[in-house]
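If you read the protein sequences in the order shown, they are chains A and B. Position 40 of the first sequence, counted from 1, bears residue number 20 in my numbering, the numbering being contiguous throughout. Position 123 of the second sequence, counted from 1, bears residue number 113 in my numbering, the numbering being contiguous throughout.
Heads up, a few of these hints could be off.
[Unchecked claim] With a straight-line cut-off of 20 Å between C-alpha atoms, the simulated SDA-like cross-links for lysine to any residue are:
#, chain 1, residue 1, chain 2, residue 2
1, B, K61, A, A(-13)
2, B, K(-4), A, Y(-17)
3, A, K(-6), B, T70
4, A, K(-6), B, D110
No wet-lab data here; the hints were simulated from the structure. What you are looking at is a predicted structure, and each value in this text was computed from that prediction instead of being measured.
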Amino acid sequence: MRYSEAAFLNHIRKSITYTGAANLGQTGTNTTIFTVVGEILVVTLVPFCTVNLGESAASSTLTLGVTGSTALFIAATNALDIDANEFWVDTAPDPNGIALPAALKDIIITDDILNAHAGVGNTNAGTIRYELFWTPLSVDASVT
Amino acid sequence: MAAYTKFNQFVEDVHEKVHNLGADQLVVALTNTAPLATNAVLADITQISYVNLSTRNITTSSSAQTSGTYKLTLADLVLTASGGSVGPFRYVVVYNDTPTAPLDPLIAWYDYGSALTLNDTETLTIDFDGTNGFLTDA
C-alpha cells in the first residue's frame, strides 16, 4: 500500500477601517493588517475596498507590503483612487474583475503585512477587506 | 506538505472486512495530542471541541482499481470556524465513521507542524492528493 501527502491551505480575513489615527492611516505610520510569525507562503492576497477611502488633505497615499519592504505587494496608491467595490491590486484599482498580479501571489514572507502611509494628509476614511490564503513554511508559522 | 502516517491497525483492518472504503463515511478528527501508530480506534484520540466547526465529513471522490492498482481519492475538505474559535490543534486524523465493531477505526493522520487555532471565519483546507490519491494498493 502506498500513501500520499496532503497540503494545508489557511484562509484569514480582516477588514481595516482607516480613521487617520496613528497606525490607522496617519502619515508616517504603518497599519498592521496581519501579524505574521515564522515563515509563510502567501498563496494569494486580495484587498477589496468596501467603503471609499478618504483623506484629510491632498494628498494621502498608502502601500501594501511587509515590515522592511513596505511596497512588496502594491506601490504607493492615492487614497482617493481606492473606491468601494474595487479590487486594490495595483496603483489603479479595478471594479468588476481583474487577473491577480504576480506580486499578490506565491510570495514568501517572514514579517507582518501592513500599509505604509505617506503624503501631506492622512487616510482618514474608508474600509478595505483583506483576504489572505496562506500556507506555513516553518513549524512555528502563524498569522493573526 | 504534510506526510501521511498510518495507524498500524489499519493494514490489518483493511484486510479483515472492517473497511469498505468505497462506501463508508470517512471523517476528520482534530487533536493537539500526538497520535501513536499503535492507536486503533477514535476513542484512543484526545479530540478537541468541534462546537464552532463546520462538517468534518470527507467526500469520497472515487474508489476503484485500474490495471490492478486500487486508488482511493478524497475531495479536499474545508474546515471553517463559525461563531467562535476552534482549537488549538496540530494533528488531523482520518478515521472511518461507519464500522461499529471495531467502532470508528483509525486510518491515518497528518501533522500540521505546530498548534493551530482557527478564529471565527477562518478556514483550513485539507488538500488531499487528487492525482496520486489518498492511498493506493497494488
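Proposed proximity, A(-13)(A) with K61(B) (alpha carbon, max 20 Å) | OK: K61(B) and A(-13)(A) at ~19 Å, within 20 Å.
Given the hint that K(-6)(A) pairs with T70(B), test it: the Cα-Cα distance must not exceed 20 Å.
-> At roughly 15 Å apart (the allowed maximum being 20 Å), T70(B) and K(-6)(A) satisfy the hint.
Is it true that the CA of K(-4)(B) sits at most 20 Å from the CA of Y(-17)(A)?
-> Given pair K(-4)(B), Y(-17)(A) holds - Cα atoms ~8 Å apart, limit 20 Å.
Take a quick look at whether K(-6)(A) and D110(B) sit within 20 Å of each other, Cα to Cα.
-> holds, 11 Å
In this structure, every one of the numbered hints holds.
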